[in-house]
Amino acid sequence: MHILDTEGLTKRFPTVTALDGLTVTTGPGVTGLVGANGAGKSTLIKILLGLLPPTAGGARVLGLDVTTRGADIRRLVGYMPEHECLPPDVSATELVVHLARMSGLPRTAARERAADVLRHVGLAEERYRPIGGYSTGMKQRVKLAQALVHDPKLILLDEPTNGLDPRGRDEMLALIRRIGAEFGISVLVTSHLLGELERVCDHVIVIDAGRLLRSSAIGEFTQTTRSVTVEVDEGTQALADRLVELGHGVAPHGRMLLVEVSGPDTLDAIRDATADLGLCLIRLERGRQRIEDVFREAAGV
Amino acid sequence: MKIELAQVSRWYGNVVAVNDVTMTIGPGVTGLLGPNGAGKSTLLHMMAGFLAPSNGTVTLDGTRVWKNHQVYRHIGLVPEREGVYGFLTGWQFVLSAARLHGLPDPVEAARKALATVEMEEPKDRRVETYSKGMRQRVKVAAALVHDPPVLLLDEPFNGMDPRQRLHLMDLIRSMGAAGKTILFSSHILEEVERVAQHIEVLVAGRHAASGDFREIRRLMTDRPHLFRIRSSDDRRLAAALMLDDSAGGVSLGPDGLEVRAVEFRGFARLLPRVARTEGISLHEVSPADEDLESVFSYLINRSS
Amino acid sequence: MSEIYDIGYRHYDGPRLGRGHTTRALTVHSLRGVFGLGRPARSKLVPFSLAAIMVLPAIVSIAIMALMRRAGMSYSGYAVIMQAVVAIFLAAQAPTVVAPDLRFRVLPLYLSRPVTITEYVGAKVVAMTVALYALLAVPLTVMFAGELLIDLPGPPRTKEYVGAMLTGLLLAVLLAAFGLAIASLTPRRGLGVASVIALYLLASASVPIMYSTLLSAGNDAAARWAWLLNPFWLVDAVQVWVFGTTPNSEGGYPGGPVSFVIVVLLIAAAVAALALRYRKAASR
Amino acid sequence: MNTVVAGITYRALLGRRRIVLLLLLPMALLGLALLLRLMGSDDQRSTMLLMQNFAIGTMLPLLGLIAGTGVIAPEIDDGTIIHLMSKPISRPVIAQTKFLVAASLLAVFAAVPTYVAAWLLVGNEDAIAPGFAVGALVAGIAYAAVFLLLGVVTRHAVTIGIVYALVWEGLVGGFVPGARKFSVQQWAQSIADQISTSPFLKADVTLGFAVPALVIVTVVAVLWAGQRLRVLSLTGDE
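Residue numbers (the numbering used here), protein chains in the order written: chain A, 2 to 302; chain B, 8 to 311; chain C, 1420 to 1703; chain D, 23 to 260.
A couple of the hints might just be wrong.
To be verified - BS3-like mimics (lysine-lysine), calculated; alpha carbons at most 30 Å apart, straight line:
{"#": "1", "chain 1": "B", "residue 1": "Lys-187", "chain 2": "B", "residue 2": "Lys-74"}
{"#": "2", "chain 1": "C", "residue 1": "Lys-1699", "chain 2": "B", "residue 2": "Lys-130"}
{"#": "3", "chain 1": "A", "residue 1": "Lys-140", "chain 2": "C", "residue 2": "Lys-1699"}
Unchecked claim - To be clear about the criterion: a stretch of chain A counts as covered by chain B if any three or more of its residues have a C-beta under 8 Å from a C-beta of chain B, and this derived list gives those stretches:
{"#": "4", "stretch": "132 to 146"}
{"#": "5", "stretch": "277 to 287"}
These aren't lab readings, by the way, just hints derived from the structure by calculation. No residue lacks a Cβ here, since even glycine has one placed at the ideal position from N, Cα and C.
Turn these sequences into a full structure, and let the hints guide you.
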């Protein structure tokens, strides 16, 4: 069974077309959803939750049609919005228990699950204090906890790492990975950073201007970049020159170099060149393709 | 123009948000880097004259910023909080900024500023209908409308999609190259390194580092460090690396090698040589991801 | 035998209850919110002080019955006499029921669950109604219990008590629906408080002006209509019509079911306004 | 006075829901006046009742509260004021402009309807209509200043304003004669009394006290608001 599938899904608003004939399916596991800002992503999420009727086409979530089975879908799906959505004057426990009951859990089960879930997302003693005093990272955890508390089959996470610093981001990504793998809950996660999604996703969908740009397993995604990033601290230019001399395609990428891989010997050439030049080889990684590259290709830049 | 902070502290009751910071921000792009809650916003607010330093002084080319509204002739500010009237259209908002600055040709200035951030098309929609990225760009346009020599941006990339991010990064870089003094705060290392040559680092309110990005980065990486390596023969590579002192500990896992380097640069220089000597192909070398906070607290602890 | 238990993630395979349960839970939650239960102490201050003020006359009344052996305050007039307190309670607490969910955008968390807008709004109205009803019913009941225990000469005023309790419910529904409809127009609590109180003052300040001028013009019949501008007197007029109690106004009210019809229309209008407001909020 | 600041402020108040409140109260006043007239109660006694209880006693303080806090409190609350404060305009000028906007709104929504309502009932008899209109105008200006200051000083401006208008001016002023001396409403009545020659109007506070009090309260409140704006920190949330 598909976790979700859409067919020719279209949503037009008076001034914009948010979704334009989107056809896509995803299976279990962690799926990333990326796209330029605009109405597209949030509209898709609203349609998937059965809160917004599509203009044309259709969609199913966990095999349930979004137009007719909205309430059943919302019983089985958890949603973490992108925007702030927490009242400041209640505690995390109070809020999460309450929202668990809003998903139909009896009082006792709601309490137990709220306690469990808050522990899993890493909120300890803070959970009894009013949310108003929480840091961004803690708030994101509360938002995640409320999406998980009713043990959904699928959770929709909208920009879960937004506003987090690197440590917070790592922890959030690790949590998402655990939700997908250990908890056995399918995840649809949106992000602006493909590098981030690469770390947690099994599958990535890219939409742009309401249309499907690409949908493929993360393996294929990374395969499509036939280049490696190389970081050598000092002497980046010297290395670039040497590699160009040897006939390799090299492009600067910030502090690093992007080297086109034409075969196994390219990697050896990089190894040898750094060794010859006496450079530090800090990084040699398979093309960490960024979302912007996908958009660049699409725009033909 | 130059912003100078001299022994600036700011506290709220017993909570010290900024602790004895002295720095000078000159022309070019400077990144203000630090984990969440490090005091970046507080510092920026003091530079923008929206908060009195509890101690020390903040000056712009020698004149005090606090309680001096004339400084806004030279400063463009992009605050982190929304700060945009939802009931105005993007055009009205930017035009009002131009008028508030008393520019001779406000219409032309507003048009230019909106063009700079590529917001001409939706300019007649009300701001409340904008996405976060669009609001962010309108804020940037309003800050640029009087062509200020100093630009302060608080988390400017927040909420922008990759295309918009790219565009704003280019914009900031080119303005920096044109000699404007630009300071932007961020907690994302990658973002900063792509735009700023110079960085100032705040950790827990303290000024943890300052200077050229590469040099700081080298300082930051110069500590016991974890590498993950995959190669054509991990076992043999492990054995070879263990012979050298710079590789402190080597362990072999299902995903390849993990090396705890005692001396970061020494090991990074050693690795390609050993691999070449042993005839082993390197498939992947990754330094374990830098965690800003731990890197910076290491910096602080080391310097105290 | 020793064992380390698995405290990892557990799936939930217990019951998932239906709409009745969620709506009830939301109602109870909102009701707790009205009285500041489960919130910091300062949220409890206003509702509980006002509730205490509401009970005071009932206690004084019991004391009068016990010591002076004569009937205390009338049941039917309690709401009218205490209307300022009830109005302040409504103005202060109605915004707390609806404003935070709008202001802090909590609404999407409800809507992403099997809770519909209708259920959400219904639960809020019921919660506010129950809170207002409690404010009225508790002192009435305390007073009635006192009367039964003291056993004054003559039969207890059971019919008046029951009448007051029933009209109190009508008043609570009217005030709750109206108060919430107004408070939900703005996510700002302060503006919500101001709007509700402004509307109440508007209504109650116009009554004496209308009444006395019309009376002095010799137009008694028209003057009676003036009372219906204020919700408390309006519902009292219903009470007079249904239970035949003494009017709590000078000169009485226009007779017949007209007051009841007005109440029903007002409630319908307020509920419709709420429904419209939230349909718009949900589509955002 | 800065026209751009004024323009934005007018738009903020008139372009949104607040205008409903601003319109509702004067409409109610006019409606009542019209009704009284239709009922044939257009005498001086009814007019006094309407003016003192409703126009000055209820409508004016509520409008003052809505306009006075409305010109600045929401902007401080959601941080949008940073747009004005990050421009080379002195903060006292911002405060003064906002005050003028609030005062002008009160002139339009309070003083004018007050005049029209009284005029509907008694025409220009005994100068009742101009008397109350000027009283409402002057008191409206004072309310605008006081509530503007309140909006700058505290985030609970509306609640405190209601407590002041209702409890102090309404209740305490009703029972404690001394408190009436320090009530904007009473000052308004003194002015109305001065202009009007109606025998039904009798003010409690002398003009010699009311006029200086109005001037001092207005000027001090506006200046103070300007000073408070100069040191306003916008990082209150952290």
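These are the hints, each one checked on the structure:
no. : hint                    : result
1   : B/Lys-187 to B/Lys-74   : holds, 23 Å
2   : C/Lys-1699 to B/Lys-130 : holds, 24 Å
3   : A/Lys-140 to C/Lys-1699 : holds, 27 Å
4   : 132 to 146              : holds (count 3)
5   : 277 to 287              : holds (count 9)
Every hint from the earlier list agrees with this structure, and none is contradicted.
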